[in-house]
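Engineer: Top to bottom, those sequences are chains S and E.
Residue 0 is where the first sequence starts when you use numbering that gives the first Met the number 0, and the numbers rise one by one after that.
Residue 0 is where the second sequence starts when you use numbering that gives the first Met the number 0, and the numbers rise one by one after that.
None of these hints come from the bench; they were simulated from the model.
Check the hints yourself; a few may be wrong.
To be verified - To spell it out: a stretch of chain E is covered by chain S in this simulated footprint if at least three of its residues, at any positions, have a beta carbon under 8 Å from a beta carbon of chain S; those stretches are:
1) 132–145
2) 246–256
3) 259–268
4) 273–283
5) 317–324
Source: prediction; values computed, not measured.
Cβ atoms here follow ideal geometry from the backbone N, Cα and C, with glycine treated the same way.
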Amino acid sequence: MNLKFSADEESFRQEVRDFIKKEVPSDFRGADTDCQYEEEARDDIHKFAAEMRKKLAAKGWLGMTWPKEYGGQEAPFMYDFILAEELNYNKVPGRDLYGCSIVGPTILRIGTEEDKKKYIPEITKGEVTWSEGMSEPEAGSDLMSMKSKAELKGEEWVINGEKIWSSGAHVADRYLLFVKTNPEVPPHKGISCFILNIKDTPGVTMQPIQHMDGLFAFNSVWMEDVKVSKDTLFGGEGNGFKVILETLNFERPFSGSVMTYATGVLNQLTEYCKQTKRNGKPLAEDQVIRQKLADCATRLEVGRMMAYNVVWMQSQGLPTPKESNMIKLYGIESTKKVYDTAMQILGPYGQLDEESKCAPLRGEVKYLYMRAIGLMSAGGTPEIMRNTIAGAGLRMPRG
Amino acid sequence: MDFQFTEEQDMLRNFARSFMEDKITKEYVNEMEKDELGFSEDVWKEMAEMGWMGLVFPEEYSGQGMGFFELAVLLEEMGRACCPGPFFSTVLCGMSIMDAGSEDQKKEYLPKIGDGNLKMALALLEPAGTLSPEGIGAQATSEGDDFVLNGTKLFVSDANAADYFLVAAKTGSGITMFLVDAKSAGISTTMLRTIASDKQAEVILDNVKVPKTNVLGEVDKGWDVAQKIIQRGAIGKCAEIIGGAQFVLEMTIAYSKERVQFGKPIGSFQAVQHHGANMATDVDGSKFITYEAAWLMGEGEPCAKEISMAKTWCSDAYQRILTTAHQVHGAIGFTMDHDLQLYFRRGKAAELAFGDADYHRELIAEAMVI
């Protein structure tokens, strides 16, 4: 048992901090590193993210835990999480969540040698970003009921259907797409996974969807007679469900790093409470506010330790059906609690966005408060998380 | 970062668990609630023979030389089993002697504690109920070679079994800690009837003479000693809580598989599954924050904030876990015959000991804003 970071791990963390200090302008307003929300709001942020991606790649930090033969550094598992934490805390974009944390590890675990050679190096070089095509208008939590299909016609697969909530699809290069390839068998056996070059594939159209906070990150993606070669099939025909499980398994601990973003916000909020007076007294001296700040700090610290445990377990090759889902659930709910608390403490000022006069904390709390609602459902609703913890984790009986 | 328990820790845990399953049965626990002493001296002796009382004392004082984290592992198993008796009180006081005692005091008390021949109780809280120097009203006045103590202490755990009390009293410009022989003239103990049916007492000190050689640490500087006790106490309680919480979770999941209603095990209903998931998440969160604090404490690292975070979290989380467990169990869990009530009642006592969630949240806020 050793619950402190080693000297090497601390030294790496400091290296990342130094890198951020050097490469990120001190007046950079920050961008959500996970879902590219801010990127859609401003072209300059999107451009900056692309630049940062190249710089991170030059440091060898994209896919850093992966085998050297595919462009990785074979760094210890925890290093990647430390990197994600620091980038999140400082709101620095560039590390493509989908490529680095979801698709990349999945390809390395269950892809063929050809898949690995084809898709991994370009992630480590920062040349591509990824998006996923899973949910459909009629298939959300009930993903298995998806209707998009691919039919084999000669030497090509022909894909027809519609996907929704594909984050960042309109700027992505690669698309991990799940469609039905066999309607005759039970759903979890009849789904296959394809990897598309989404920018260049005829028949693919998309539309960004604006969400409650006014930004655009999700997309509807339509596929009309999209013809793809057989080698775009990933994981083998009918193994789409297995691929889905792999991607979700890897994604979930990184929801833990979402909490680091909230830690940054909490620190800013605490500072605000020290500086701001209400009724002649700093907010930080108010008993109720002190309790709320302490509660938020505690929630995030608890989550931090839970997240490290998941990362550690995965580094040991231990299965984490309970823990992965738990950290996603906990991460989102505790993050929401922090943003809700921030909104409460800021009072009427919390309503204001950065374009407004008098907006505290650069108006970010308004977005975060709403973003938390979106994050709740992304990658699995809290109800589905709980179902999975209960079923796969605790082995409770099936309904 | 490494979450693997050491071989020594695993061995201690496994051994402690077998011992508890064998000796600290639920029949025993229920019986001891009604027993005047509250624990079996035979069981106490067995624990001593295994070296548990002196687990963290240095070997030169007949201890095992293990660390605080190992003690936490043991306390977790005790919490799982609802193990009654003055183990925690005794060891807590013993650790203060280990820290702040003179060489003579360490030689005098530690081996006796380690052998199971000396039991101790902490007399800190008073009717004011606050865990702060301002909450100490008991006075100690210097008279020749003695101090004379007057005051009232409340919620003194294991006062009935104690051979010695560790008492906090006001002296001159500060607080001083005293080792007080429980058989001293002027001490009267009244047992309180509590939710957990544990042995807590009011202890009145009426002109109790304590030799000056029984001052623990420095005169007027005793609050530092007391603060360390509160911190260790808080983490020790968290360790007990996570042991209990894990057992409650297991009990609840098991019940949800056996209990059939509407033709199905109730664990197949989504609402009940969600209860299970929530409980499991609370158990894990409580475990990891407790391990973090206990580990830092064992390493001698500063950890005041982590301790308060652990106590805050475990205090609140255990309440959620217990309430949800009761919901899943329905009426049967509410009966005295069922085991769940043992945990529910002890859960509240644990929450309240060594600072509740609000108290510790204030300490966290202090650490954050000052």
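Engineer: A separate judgement is required for each hint: does it hold in the structure or not?
Structural biologist: Here is how each hint holds up against the structure:
no.	hint	result
1	132–145	violated (count 0)
2	246–256	holds (count 3)
3	259–268	holds (count 5)
4	273–283	holds (count 7)
5	317–324	violated (count 0)
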